[in-house]
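Colleague: If you read the sequences in order, they're chains A and B.
Quick note: the first sequence uses my numbering, first residue 1, plus one each step.
Quick note: the second sequence uses my numbering, first residue 1001, plus one each step.
These are calculated hints, taken from the structure and not from any lab test.
Don't be surprised by glycine CBs; every beta carbon is placed ideally from N, CA and C.
You may find that some hints are simply not true.
What the hints assert, rightly or not - If you want the ones that stay clear, here's a sample from chain A, every Cβ over 10 Å from chain B, calculated:
id : residue
1  : F19
2  : Y79
3  : I84
4  : A88
5  : V89
6  : P90
7  : S122
8  : V124
9  : T149
10 : Y186
11 : V196
12 : Y250
13 : L296
14 : F324
15 : Q328
16 : D341
Stated by the list, open to error - Taking CB as the label site, the calculated pair distances span:
id : chain 1 : residue 1 : chain 2 : residue 2 : range
17 : A       : V289      : B       : E1193     : 56 to 62 Å
18 : B       : L1159     : A       : A147      : 33 to 39 Å
19 : B       : G1099     : A       : V289      : 39 to 45 Å
20 : B       : G1197     : A       : T32       : 54 to 60 Å
21 : A       : F95       : B       : D1041     : 57 to 63 Å
22 : B       : G1197     : A       : N83       : 21 to 27 Å
23 : A       : N83       : B       : E1100     : 43 to 49 Å
24 : B       : I1196     : A       : K134      : 52 to 58 Å
25 : B       : D1174     : A       : Y151      : 56 to 62 Å
26 : A       : N83       : B       : I1290     : 31 to 37 Å
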Amino acid sequence: MSENAIEKFKFTGNAKEWFGIWIVNLLLSIITIGIYSAWAKVRAKKYFSNHTYVSDRNFDYHATGKQILIGRLIVIGGYILFNIVLIAVPFLGLFLLLALIGLMPWLIVRSMMFNARMTSFSNVRFNFVGTVGKAFLVFFIYPILTALTAYTTAPFLSRAVRKFSINNHRLGTAEFHFDGPIGPFYKAFLVAIAWVVIVGGLGMLATGFNILELAYAMDNLETDPSTAGSIIGMFYLLLFVAVLPAAMIYFAMIRNTVYNATTLTGGHKFNSTVSAGKMLWIALSSFVVVVCTLGLMIPWAQVRMSKYLAENTDLIPGGSLDDFIGTQQAEASALGDAFTDLEGIDVGLPV
Amino acid sequence: MTQNHNTECPAFIGRAYPALQSNRVEATLLSSVPLPSETADQDDLALSIIDEHGTVIATALLSHVTVDPPLGSTSRRITFPDGTLFETDEHQAVETLTGETHGSILHSLEQFRPRLMVLVVACIAAVWVLWRFGLDILVAAAIALTPPVVVAQIDRGTLSTIDFTMSEETLLEDAQQAKIQKIFKRLLSYLDEDDIGTSDFKLLFRSMPDVGPNAFALPNGTVVITDEFIEQFDDEDILASVLGHEIGHVIEKHGLRQTYRSLSIYVLVAFLAGETGPFIEDLLLEGNLIMSLAYSREHETSADHFGLHLAHDAGYDPNGLKKFFEWVTENAVEPPQWLSTHPSSTERVQEIDDFIKTLN
Chain A
1 MSENAIEKFK FTGNAKEWFG IWIVNLLLSI ITIGIYSAWA KVRAKKYFSN
51 HTYVSDRNFD YHATGKQILI GRLIVIGGYI LFNIVLIAVP FLGLFLLLAL
101 IGLMPWLIVR SMMFNARMTS FSNVRFNFVG TVGKAFLVFF IYPILTALTA
151 YTTAPFLSRA VRKFSINNHR LGTAEFHFDG PIGPFYKAFL VAIAWVVIVG
201 GLGMLATGFN ILELAYAMDN LETDPSTAGS IIGMFYLLLF VAVLPAAMIY
251 FAMIRNTVYN ATTLTGGHKF NSTVSAGKML WIALSSFVVV VCTLGLMIPW
301 AQVRMSKYLA ENTDLIPGGS LDDFIGTQQA EASALGDAFT DLEGIDVGLP
351 V
Chain B
1001 MTQNHNTECP AFIGRAYPAL QSNRVEATLL SSVPLPSETA DQDDLALSII
1051 DEHGTVIATA LLSHVTVDPP LGSTSRRITF PDGTLFETDE HQAVETLTGE
1101 THGSILHSLE QFRPRLMVLV VACIAAVWVL WRFGLDILVA AAIALTPPVV
1151 VAQIDRGTLS TIDFTMSEET LLEDAQQAKI QKIFKRLLSY LDEDDIGTSD
1201 FKLLFRSMPD VGPNAFALPN GTVVITDEFI EQFDDEDILA SVLGHEIGHV
1251 IEKHGLRQTY RSLSIYVLVA FLAGETGPFI EDLLLEGNLI MSLAYSREHE
1301 TSADHFGLHL AHDAGYDPNG LKKFFEWVTE NAVEPPQWLS THPSSTERVQ
1351 EIDDFIKTLN
């Protein structure tokens, strides 16, 4: 194997094949009232992992449907119980809410641990060693501090979250390390804010939209549905052109910054070259296609994005990729994973 | 497992990794008929992985290895008991080795063929059936599983929240209260014993200046009517049909149904959305919100019917409810929130007229 040569990531999945798996996943999940969704998740994650290659080695996902289902059942049970208590014993519900906030960092860490341990690269499993205490700081204390500074320090929070995630991930015994200056985070943040302000402002001027009208429309949904509908539609359109592209720009700039400043024990480095414009184009055109086909092109859109991201990611090996050594790991429960799925929190390893 | 002993034993090339190591070597997997001393099972095969130099890396019986199920065109993985991983792209060969499994049936179902169109249609049909019947079954099961103690506690809990946030003690005189309690009791005496079940009906009076003329029911049978309502409508027929309407909500368990329904939809969408992506998930949840309003309006109409029936059976004039909604229409005091969860009053007056015709 040639050393120090750039190895490109490659996604070898294809939309036709993934469509077949996806539609069967969906059908079986629906007819089993969601029970199969646990197995569907495994198939989906395994498909995308197996088709992601770098240096002729691929990733794998090892969780079983049964594990995921058990985690989900416990979380659903807890969720229903929590909601009932909230109505039935409101004062106890308040304490439960506090308890849940205390429990969340633990659940997030468990989820990251589960996802890492269930993923492997070249037969070596990942691991996550972040502590609950640090997670509490990163996911609760820092956001409060950020809010206190009127979000002017949001880039620091953004960097802290990535540091927490990356620096605690392991591939076998090899450690990931990320540290970078705050400058690029501020740059991405300011560009994204500028987009929201300029495009949103122009949009509001062009359409004569204002928030008061929206509030009024929401209150009169039934008496005057057509006016309300058009104002609400306008709101979503503005949101679509002002906020989503900004999020995309931010994502692309941050991804490049973070990858370029990440290393893995053994002298391995990473490189990301995604462009905000290209990402935006892919996301918007995919969205239009998905909506026009009533969702049937979702698998195509997912494959398209995965291909683009993989093509723009490189590994710069510092030595042989044959030298990673795995560690024996205790089984992690899928409880945290089910929780983050339910809450829509993304804890996945950004590959 | 297929009959392997009279077919040729497959051998195929791939890559092998020792347990817990990323060290990859080109390797071949050989299979042979096992010695009788190794296994009693005639269909089993002895597998061995050999590297480029012909050195044996790992051996095991087919029945002892784990073969990952087929998944699209991804490489097949065979894990030996000692942790050695063998990876190959010779799909056909692995298929001969394992024979037909649950995984291969699933795999063939997933093939991109015209047949897949049937699955697409089935998917759309399944969403509809789940929406139309599946949710109701889930909700009915959840209601059946909810202990009566919990339902009683929901009443107490909600009432204490209401008392804490927006209601004051009633200013009605005892005689007036007694008169309305009598109507309530009379209505209850016309209920079916089975319908009442574990519900514990009681009528409470509260002054709620901010809420205005209103009445509402809690799941276990606590019905609250505001002083403002009674000041506005001191008419036995109106009171009877409005109380009947609230009793209808309790008997038909509308409160619990709505709670469980929105919980199940949230959970279902959250877990199925892994297949759709976050943006579509938002669309689904927004759509659900609008659909749940329709569901709530359905409940209101159903409770109207129940209340009219009950009032009629108990000897009151069902036109009372109509008078009430006519007053609401004229005075246009309907708050926006009431509007979105309830059918419009003109619509309800119409419905009531139609229904009264069927009573006579």
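Colleague: With reference to the structure, classify each hint as holding or not holding.
Modeller: Structure-based check of each hint:
no. : hint                          : verdict
1   : F19                           : violated, 6 Å
2   : Y79                           : violated, 7 Å
3   : I84                           : violated, 6 Å
4   : A88                           : violated, 4 Å
5   : V89                           : violated, 5 Å
6   : P90                           : violated, 5 Å
7   : S122                          : violated, 4 Å
8   : V124                          : violated, 5 Å
9   : T149                          : holds, 28 Å
10  : Y186                          : holds, 26 Å
11  : V196                          : holds, 18 Å
12  : Y250                          : holds, 15 Å
13  : L296                          : violated, 7 Å
14  : F324                          : violated, 4 Å
15  : Q328                          : violated, 7 Å
16  : D341                          : violated, 6 Å
17  : A:V289 to B:E1193: 56 to 62 Å : holds, 59 Å
18  : B:L1159 to A:A147: 33 to 39 Å : holds, 35 Å
19  : B:G1099 to A:V289: 39 to 45 Å : holds, 40 Å
20  : B:G1197 to A:T32: 54 to 60 Å  : violated, 31 Å
21  : A:F95 to B:D1041: 57 to 63 Å  : holds, 59 Å
22  : B:G1197 to A:N83: 21 to 27 Å  : holds, 23 Å
23  : A:N83 to B:E1100: 43 to 49 Å  : holds, 45 Å
24  : B:I1196 to A:K134: 52 to 58 Å : holds, 55 Å
25  : B:D1174 to A:Y151: 56 to 62 Å : holds, 58 Å
26  : A:N83 to B:I1290: 31 to 37 Å  : violated, 21 Å
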